[in-house]
Amino acid sequence: MSTTHLLIELVLMPLVAFVVGLAMLLMLRKIGARLQRRVGPPLLQPLFDVIKLYSKRTQVSHGLLHEAGIVVAVGAYVAIETLVPVPGMNGIAEKGGLILLSYLMMVPSLGLALGVGQCANPNGSIGLSRAMTAMLAYDIPFMLVVFGVAWQFQTTNLVELVAVQQAGGIATWGIVENPLLAIAGLFGLQAMLGKQPFEIYVAPAEIATGPMVEMGGKFLGGLFVMQSFQFYTAGVLYTTMFLGGGENWFTFLIKIFVVVAIPLSVAFMFPRYRTEDMVRLVWKWPVILALLGLVVAVQ
Amino acid sequence: MNGEVGRPISRLLADVDGARCERKGDRRVRIDATPENLPAVLELLKGRAGYLHLSAITCIDWMDDGEFELIYHLWSYEDRNLVSAHIRIPREPGVYLSVYDLFEPAGFFERDIHEMYGVFFEGSPDQEKFILTEWNGPPPMRKDFDAEGWVQGTFQWEDYRPEWLQEIEEKGGGIAIKPEQARANTRKIRGWKQ
Amino acid sequence: MNDFPLPVRAERSNPLARVFDELIDFCRARSMFMLHYCTGCGAIELPPAMTSRFDMERLGIQPMVTPRQADILLITGYVSIKTLKRVILTYEQMGSPKYVIGICSCTVNGGMYWQSYATAKKLNEYLPVDVYIAGCMPRPEAVIEGLRKLMGEIKAGRANSWERYFREYDRYLAAQQNLFGPNWQTPTDIIGEARDYQLYGPGTEGRHTELLQQHQVPLQPLRMTLHSDVEKSS
Amino acid sequence: MRPENYQAQSHPPSHEYELNFGPNHPGIEGNYALQVRLHGDTVVSAHADGGYLHRGFEKLMEGRLWIQNIALVPRICVPDPVPMEVCYSLAIEDISGLQVPERAKWLRVLQLELSRIAAHLFYFGGHAATTGMYSPSFWGVADRDLILDRFEELSGGRVYHIFNIPGGVRRDIPEGFLGRVSALLDYLEARLPEYDDLLFRNQVFVRRSKGVGVIDQQQALAWGVTGPNLRATGLGFDVRRDDPYLIYNQLDFEIPTEDSGCCWARTLVRRSELQQSIRICRQVIAALPDIGGPVRAPIPNPLAWNVPVGESYTRVESSKGELAYYVLSTGGEKPYRVHVRGPSAMHAVQVLEKMVTGGRLEDVAQIMFSLDACPPEVDR
Amino acid sequence: MSSDIDYKDAGSILAPLKNLRFFAREPVTEPLGPRPAAENYRGFHVNDWELCIGCSTCQKVCDNAAISMIHIPGLPNDPVKGVRDHRPAIDYGRCCWCGLCVDICPTGSISLTREYVHTCTEPELDSYFVLPDPNGMHKTHFPKGWSKTEQNDLLDHDRQPMAEMAPEARIGDFAEIVAGYTDQQALLEASRCVQCGMCHDACPTQMHAPDYIRAIWQGNVELAVEEIYRTNPFAHVCGRVCTHKCEDACSIGRRGTPVAIRWLKRYAMDALAPAKVKKIAAKGKSRKKSGRKIAIVGAGPAGMTAAFDLIKQGHAVTVFEALDQAGGMTRYGIPYYRLPSESLQRDIDIIVSLGVEMRYRTRVGVDVSMAELEQEYDAVVLALGLQLGRSTRIPGSDHVQVRAAVDLLRRIAAGESLAVPDKVVVIGGGNVAMDIARTLARLQKQQHGVVGMTVCALEDFAHFLADPEEVRESGEEGIEIIDARGPRHCVVNDDGTLGGLCTWKVLSIFDEQHRFAPKFDESDERIHEAGMVVESIGQMTDTGLLGDELTEALEWNRGRMKVDAFGRTSLPWLWAAGDCVNGPDVVHAVADGHRVATSINEYLTQEVAA
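Protein chains in written order, with the numbering used here: chain A, 71 to 369; chain B, 61 to 254; chain C, 1469 to 1702; chain D, 42 to 421; chain E, 5 to 614.
There's no promise every hint is true.
To be verified - Now the in silico label distances, taken between C-beta atoms and shown as ranges:
#, chain 1, residue 1, chain 2, residue 2, range
1, A, Q369, D, Q260, 56 to 64 Å
2, D, Q260, A, L206, 45 to 53 Å
3, E, E420, B, Q241, 28 to 36 Å
4, E, T261, D, G334, 35 to 43 Å
5, A, A138, C, F1494, 25 to 33 Å
6, E, T261, B, D206, 58 to 66 Å
7, D, Q260, B, E96, 28 to 36 Å
8, C, S1481, E, P38, 37 to 45 Å
9, C, R1480, E, P138, 46 to 54 Å
10, A, E230, C, D1657, 55 to 63 Å
11, B, Q241, D, F218, 17 to 25 Å
12, D, R78, B, P99, 27 to 35 Å
If you're looking for bench data, these hints aren't it; they were derived computationally from the structure. For every residue, glycine included, the Cβ atom is placed at its ideal position computed from N, Cα and C.
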């Protein structure tokens, strides 16, 4: 693979991720609208929002870390996007692997923590502590699932993972081979995306949207971008691990949208748990499922 | 049962000097008490007749008499009867006893009356301002506070100059009677033509 | 009223820049975040306007929780003096460009509380207002029509009243001081921002900003108290 | 002002900080503020701060004619305006001995109950939103809007009906109105199972609200809690039945109660009340065609109307609790004093402060909404 | 009862997911754009300018102070009809759309529409101040929303019924027919007033009717009398027999019966003890004597009003009256059952008690000449009245049993006994015709036991001159009124006695130029049998007393003295007032008295200054 080719892929992959992510943001709002019996936003709404936020005249910054935090968060996701294989583009996925990815996926939250910490808004700080707690909660089942998948397919290389699954057709997909892990993964996905019932750190009625409280203009725009990356990444990762990745762009897009649509639909049906309830729940059922799945995988 | 309610109360109050009791309606009894015996009356009502619920305390400013009237509305869940105990206290200095130790809801009402009328309740837990924290004027509900005058002196009104009005003014017309002139408070019926 | 008439968006000569400006105005119009603040009774018609029946999100309008995130401030009816202070603080914290919508009669000329000692009468004395919506209270459809009017104004580059707050700050401050007393101050440095945005005009500073500077107390940063601190101080 | 043996409160040996809930905060109902002192996630003390919606109604009313005040009163509680109008009208009728025609009484009950349903639908959405679920508020507000449509048809106004005036109501019902209300009630009843699935049978919601913000019956009585909040502690007191007004003593309805006094119980009580209100509305719809006659007693020319000397303490059951008006007339063309006792005056200040204290940060908003405290009633 | 969801029910984690079925359901969202509002909707105002009379009642009921009355030149402005060129303008920065203005509007002109969208930017804020017209706020048609119906009408359209004697009881008797209001009735009637002031504008003497009505409503009769005496010293009289132009203008009368302004005045006057009235009347009387002397010829309402004003201004006033008692036509022209002389006397007594010098039985021109008056007094007022009856001059009208109505009335009032034949015909359709017919009918009843009275009026009932209530009451008393009959000749029997009156049917009274030129249908001829024919077709002034010299010196206008706006004749010292200038009407005469008094006072004070 030529360097130019790689460079093009490295640029293209985050771009695609951004576009698809925006579409997922739209899907989130459309799903909500449908379940709430209304029409919902126009198609380009997420794009309008982001452009508008970046074009605000006032950009209130609370200091260097505030700005750096967002950069770290978005930057981490840009890096992540180059590590997940999509049809026709592997980027540097072969050199990364599941373990690196798992680590990288914590960075945006930490970056956010960095930025929010400087805002000195108590609501932000509470939200942050909740976000960290939530991360602590969902990381355990998530890591178990990652291990399980790696054991199942005897590889941590995402490209290989995809290749193995595609080679055998649907029968070799993770979801068929090890449904327990897939269900645990779905739980983890719900928590990772921070959607109800695990939406503990945004919580407008409790802590005025928590970490976002002091974010305006480009900072909020950054968070929007980050969220779209997050949806995309979650969808792609799950698809890669359990749904055999993308054979072509068509099936790939269908798969990731369906995967993301599940937690988003569920989100509109539930309130949020209290923090300790969430931790208890997430450490209980998904962990049990993931452990069982691990046992299955080991056997 | 309804007709019976009045009598026990009057029997109850027989020992209290100067408290008169009068039935006003199906479930309404009025008691005229004095500032001295009101705590005793309330205590009797709560302790012996089951008037547990202090529905409200109303304050009325009788400026011309130089008095405040305080009305304690009590409800009994058992008798299903409402008793309004009226007392009058001098407007100056406007101090009375709190009944917070008998009825906790009194805390709010006394605080409210304190900021709206300037009546001070001795023993009330909190008489800080609540609603009017940003208000520096006199207690506004007093009859001698002319709210409308204050408003007229403080605020300006929108001076509309729509095109139709300008046209009419060119023709010699214009606003004949301003709304303020027609108000019930200030209306001068004299001199229609002027 | 308009001592300093606001220019419509200045047309730039570069056609690309012009397209860019128009694109941005278009996006601003199509994506309005509304501050979720119920200042008065007209707010009761906002939930219907936001929710399924009238669905503001069709127009790209969604409620936002904090002033930092919001673009439009809806003043839904009367503002009591106590609320007005918070409204001004909120307005100053919102990011420019920002738009104020005055809903109901009360924001125009006092409404039915015109004799009340507790409410402010004319909103546009204290804040620049972009669009008014008549009604007591206006129906959700009227609110949405008002928002569409605002969208039209933004698209046409006319909704620039926020600039007036910087250009004529002295006038607004005068009304605020008249109502809140000479000690009135807000944490936002409007004059500095005006300079920063190149919106410093002849009316930015004046008698009343001088008074403000005399009284200005440096703001204390927010502090979380530790138990030990309390003990030391007491 | 403080007792002499006052001592400074000792601070617990840990981090404590203050958090402002409101006035601009999604967790606050309306324009209201709560300063909460927190220790970790636990509320150490709470301090209510009102007055953001203060308009000085009681002062305004003293300066306006009896009839002019009917435009003013519904504004005291925006989500549930009908009880305000009715209570004010009842007080004046009581003082001046106006005999309200039978038909007007039934029409008032219909309005009161529709308004209660609307307020409760609003409430469910609000309560759910404080726990992070927004769909019920989208549904609830949209369904409430259908009730507002009927109100618009009846009175010409969606929210401020200004339809009840001393002596009766301003107009008779339009043609076919009862049929449309009946269809609406059918619709709402059909919707209820869907609400049950979404909200009332939602395990997460039950878990969030059960056992939170508990108040027992003794405390409730001592703190002056009324309405559904009191009934959620097991005391079946309802002004409609125990201090009846209009024609409530001719109607067949039940007073739902719960025993535990927590947020969940309060919501359940309101849910049952909604069913009872539908039941009352059906009775009114069935009875109304047989009740003829005028809808308003003749009242004097409003510009020259002296209500005779007298006083009245009139109470009605609003969706939030015991609403009372004290009206005093000295025989003039304006009231000498009107005192509004909004139920929320108790709930949103003293009760809320006490209930929040010791609770959790995430429950502050939920407790406030579950009390259905309406700030404009407090501020007036 | 506990709800059908048990408290112990922990719910289900799957139940909420059932609602995923809403993916398959259509949204309930309404299409963008305003929906049509409900039929009763309270939206922006419209005002039918044709119906609106500018009474400003809407403004008074609006305590949001949202309504301003705008004076619009060019619109009809006729105080007598009760129309002002004012229209309400509404400040939507104040309005709360309660619709009270609609409910109270006396004409029903104002209503609310189903239009509810108005938005504007800050520079366009003037659009919040709106002058509602029939076209709507944005000149687009919207159907009416909340508008006037019988149910939401807040005004009381029905007058308090006035107790009257039954026709059977009153016909044989001269007792006053109308009983007057009780306290309660007066209060209720007074409460109907909306204080629009139309009556004030319509009244010739501009009585402050809204003020005294309000005072009556407040139970303050003394204040009411005080308000009445500001403009009318003939209140006892006007409270009974005024032509009440005010009630024609009354805005309540637009859709109901007007407020009984006249009866309320009567109530106030009767309710207060005469001593108190005297005290009120004397209020404001100048302590200083000006030393000027004024002569007033004629003690009718005009003359006595002028005397009242002038004496209060400190001048010395002498009234010359040819007859025995003061009152003029109010005493000698109006029958007792409508105006008892005691009531009149109370008015006269009050004026006289202020110090007016009365010279009864002094006929100017006979007992004292005008020239003498000119010399002795600084100013002279001629308040001669109309006491000569006009004649139809038809054939036979010179018969001895063809009499003039005013003449007969005067005689009856003076107490002369009169033999009335059992059949009488009255020619004329005015109030005087009704008076004489009803008076004579009473005498017939007393003398013959039956009423045989016919009134032949030139006008048809649609254009009748007499008050409708007079016509009604006459009918009740058994008087036959035949409209549109023109008298042709009086039938004189061969024995020289009067046989009756021959009339023709009237086709039209005026020609195209609105000149008096009656046309008759000669085929429709009727003979009304009568032993007496009374002519009541108008009165004239007896100007003979002026003397030839003065008559020459004065300027005349169609047989009446030419006067300026203040009643001053072409001679500087001579004023004329009352019926002799204006035609017959009490309240006009009172107004005239005031005008003249003002003019004289000005003249005299100017003279002093000069």
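Hints versus structure:
1. A:Q369 with D:Q260: 56 to 64 Å: This hint holds: roughly 58 Å between Cβ atoms.
2. D:Q260 with A:L206: 45 to 53 Å: Violated, since Q260 (chain D) and L206 (chain A) (Cβ atoms, about 38 Å apart) do not stay within the stated range.
3. E:E420 with B:Q241: 28 to 36 Å: Given about 56 Å between the Cβ atoms, the range is violated.
4. E:T261 with D:G334: 35 to 43 Å: violated, 24 Å
5. A:A138 with C:F1494: 25 to 33 Å: holds, 31 Å
6. E:T261 with B:D206: 58 to 66 Å: violated, 40 Å
7. D:Q260 with B:E96: 28 to 36 Å: Check passed, 31 Å falls within 28 to 36 Å.
8. C:S1481 with E:P38: 37 to 45 Å: About 41 Å separates the Cβ atoms of S1481 (chain C) and P38 (chain E), which means 37 to 45 Å holds.
9. C:R1480 with E:P138: 46 to 54 Å: holds, 49 Å
10. A:E230 with C:D1657: 55 to 63 Å: holds, 58 Å
11. B:Q241 with D:F218: 17 to 25 Å: Violated, at about 41 Å.
12. D:R78 with B:P99: 27 to 35 Å: Given a distance of about 34 Å, which is inside 27 to 35 Å, the answer is holds.
Violated hints for the displayed structure, listed by number in ascending order: 2, 3, 4, 6, 11.
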